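Number of protein chains: 2
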Amino acid sequence: MEVAILAHEQFPDRAKTAVGVLRYGDQDVVAVLDRETAGTTVGDHLPDLEAADVPIVEGVADAPAFDALLIGIAPIGGGFEESWRPDVRGAIERGADVVSGLHYFLNDDAEFAELADEHGVALRDVRDPPADLTVASGTARELDCEIVLTVGTDCSTGKMTTTLELLGAAREAGLDAGFVPTGQTGIMIDGGGIAIDRTISDFAAGATERMLEERADEREYLFVEGQGSIVHPAYSAVTCGIVHGAQPDHLVLCHEAGRDRIHGYESFPIPEPSAIAELCLDLADHVAPTALLGGALNTSGLAPGEAEDAIEAYGSRLGAPAVDPIRNGTDRLIEQL
Amino acid sequence: MEVAILAHEQFPDRAKTAVGVLRYGDQDVVAVLDRETAGTTVGDHLPDLEAADVPIVEGVADAPAFDALLIGIAPIGGGFEESWRPDVRGAIERGADVVSGLHYFLNDDAEFAELADEHGVALRDVRDPPADLTVASGTARELDCEIVLTVGTDCSTGKMTTTLELLGAAREAGLDAGFVPTGQTGIMIDGGGIAIDRTISDFAAGATERMLEERADEREYLFVEGQGSIVHPAYSAVTCGIVHGAQPDHLVLCHEAGRDRIHGYESFPIPEPSAIAELCLDLADHVAPTALLGGALNTSGLAPGEAEDAIEAYGSRLGAPAVDPIRNGTDRLIEQL
Numbered sequence: 001m002e003v004a005i006l007a008h009e010q011f012p013d014r015a016k017t018a019v020g021v022l023r024y025g026d027q028d029v030v031a032v033l034d035r036e037t038a039g040t041t042v043g044d045h046l047p048d049l050e051a052a053d054v055p056i057v058e059g060v061a062d063a064p065a066f067d068a069l070l071i072g073i074a075p076i077g078g079g080f081e082e083s084w085r086p087d088v089r090g091a092i093e094r095g096a097d098v099v100s101g102l103h104y105f106l107n108d109d110a111e112f113a114e115l116a117d118e119h120g121v122a123l124r125d126v127r128d129p130p131a132d133l134t135v136a137s138g139t140a141r142e143l144d145c146e147i148v149l150t151v152g153t154d155c156s157t158g159k160m161t162t163t164l165e166l167l168g169a170a171r172e173a174g175l176d177a178g179f180v181p182t183g184q185t186g187i188m189i190d191g192g193g194i195a196i197d198r199t200i201s202d203f204a205a206g207a208t209e210r211m212l213e214e215r216a217d218e219r220e221y222l223f224v225e226g227q228g229s230i231v232h233p234a235y236s237a238v239t240c241g242i243v244h245g246a247q248p249d250h251l252v253l254c255h256e257a258g259r260d261r262i263h264g265y266e267s268f269p270i271p272e273p274s275a276i277a278e279l280c281l282d283l284a285d286h287v288a289p290t291a292l293l294g295g296a297l298n299t300s301g302l303a304p305g306e307a308e309d310a311i312e313a314y315g316s317r318l319g320a321p322a323v324d325p326i327r328n329g330t331d332r333l334i335e336q337l
Numbered sequence: 001m002e003v004a005i006l007a008h009e010q011f012p013d014r015a016k017t018a019v020g021v022l023r024y025g026d027q028d029v030v031a032v033l034d035r036e037t038a039g040t041t042v043g044d045h046l047p048d049l050e051a052a053d054v055p056i057v058e059g060v061a062d063a064p065a066f067d068a069l070l071i072g073i074a075p076i077g078g079g080f081e082e083s084w085r086p087d088v089r090g091a092i093e094r095g096a097d098v099v100s101g102l103h104y105f106l107n108d109d110a111e112f113a114e115l116a117d118e119h120g121v122a123l124r125d126v127r128d129p130p131a132d133l134t135v136a137s138g139t140a141r142e143l144d145c146e147i148v149l150t151v152g153t154d155c156s157t158g159k160m161t162t163t164l165e166l167l168g169a170a171r172e173a174g175l176d177a178g179f180v181p182t183g184q185t186g187i188m189i190d191g192g193g194i195a196i197d198r199t200i201s202d203f204a205a206g207a208t209e210r211m212l213e214e215r216a217d218e219r220e221y222l223f224v225e226g227q228g229s230i231v232h233p234a235y236s237a238v239t240c241g242i243v244h245g246a247q248p249d250h251l252v253l254c255h256e257a258g259r260d261r262i263h264g265y266e267s268f269p270i271p272e273p274s275a276i277a278e279l280c281l282d283l284a285d286h287v288a289p290t291a292l293l294g295g296a297l298n299t300s301g302l303a304p305g306e307a308e309d310a311i312e313a314y315g316s317r318l319g320a321p322a323v324d325p326i327r328n329g330t331d332r333l334i335e336q337l
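Chains L and F supply the protein sequences, listed in that same order. Number 182 in UniProt numbering belongs to position 182 of the first sequence; there are no gaps in the numbering. Number 264 in UniProt numbering belongs to position 264 of the second sequence; there are no gaps in the numbering.
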């Protein structure tokens, strides 16, 4: 499938979904829409990507033909920016579907809904959960499959990246491994999944469990993307529902080197990672026994020498193997399985 | 306000909402509807209630005049039982509002909606959360008010009862205390509140925080009704959102004497209560420092002598004062504040 990705004024640093799809998606990306960096290519900003040649263009009119427009950014709160309207309209008029992970649903927008209908295209709000979710039955551990879940010291510490790197490394090692996406970017990459942060809280564990049940049969291992952090003042409910719904055999704790405050909640210090790991293990253990597979440290802000020191220090603090999934890959963690 | 309470075939033991409203509500209950125990009075089943004289009747046609019909029971899953339809219809036709805490919304039922419109009465689905909820700001601790939250070793261990007994004892002790209801029964008793189990999981902490903000200004103490249990395989997300949204100064751990398995999830043993208390404190402490005020033990299944022993043993296990709120009252806990 050929896609264009909207990332106005935020590519690449604040365009987590766009970069995630470029790095891990099966889609053939034909253009990134960013009026600020138009005229450059993806490789000018992210030289290590296979998709380095993809052009960055001003708007949908300048993009080559595509099957779907992906909304690749999200303002805080998940609202729709009115300045994106001409591009969404343009995509629909060109006969393309539009895929969005915003809290604001495109299907609830009268103009888009009518236009999509007229042009026979689909608006896919990937954050909209299925209507038939229910409570967990507590049976994930009975699945014939080992479950690995990423947890974090905060939001945006690399849980999705780590999960997908683990998946790739497991497959390269010959393991029969599957991915369980729980957030909008993971869902766009995978093509399926449920955004747990948008489910009714009573059904958060149940929605997680349901995804595992749907995917476990064919797999020896499932790698579940975690959300938020168990010590986050706003989002911990989502984390907790995933931990107990997934009943993981193994946890990987993701942290960003140098970050010591909860992002956007700066009055809250991030506790010592080993204390967070202990809390996650204790929380999980009371429902199903769990072990810490290792740590994943995002060292993208550090120079190579510093990075290696930081990764080693992180591992000693956790008492477990640690890697930067992007710098080192995740083989050291996969070997523990 | 005069109310009738529907509790067909489940009064009193499986009619938690009906009994809660009878025990703690300000409403003047004129009748309980239960076709199985019709002809008896509330006092025949629950002699300690002030509302002992309330008649139990076959259906709405046999009840004295009332302003509202309350649905006082909930089947597992929160669905609507079709056998209740004639009573709900009858109430509307008599010009009464209908108040329901079911997951099934009366307002979504075409027949009821039309009939209510015709008769100018309101259908109040108390489990339907406000449409404008948002994420927590993490500021509950900054409120000029001490927060006491009940947590439990399982569902239905007496969290609402304990919270309301604490509220009553605090007020009798001359403290300026308020109630924060987080579930359907608490909301029916209070007349306000948000059912946290029905909010979007991203907003569970935010919805809790919002209730505290609305109520804190006028109060020295707020008593927050907890939900579920942090070790529950299905509902822990709800618990976690309330713990971090409320940022309580004090926790009270509620347990039912003799219960050793999660209700409805019998393959899960209930962990040692002191371990659950530690987990709750650890979880809460990482966001805002918290202390264990004491324990509340439901000993309704025990003889008086056994009950006193069980309460003392529970207190020693927790290393904190313990009471059965119904047998002993909660003064011993309120004295700690």
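I should point out that these hints are in silico values taken from the structure, not numbers from a laboratory. One or more of the hints may lead you astray.
Intra- or inter-copy, both count: the list cannot distinguish identical chains.
[Stated by the list, open to error] Straight-line C-alpha distance at most 25 Å; calculated SDA-like pairs for lysine to any residue:
id	residue 1	residue 2
1	16	137
2	16	288
3	16	134
Treat the numbers as computed from the prediction; the structure is a model and nothing was measured.
Status of each hint after checking the structure:
no.	hint	verdict
1	16 x 137	between (33 Å within a copy, 23 Å between copies)
2	16 x 288	neither (32 Å within a copy, 30 Å between copies)
3	16 x 134	between (30 Å within a copy, 22 Å between copies)
The earlier numbered hint that this structure contradicts is number 2, and it is the only one.
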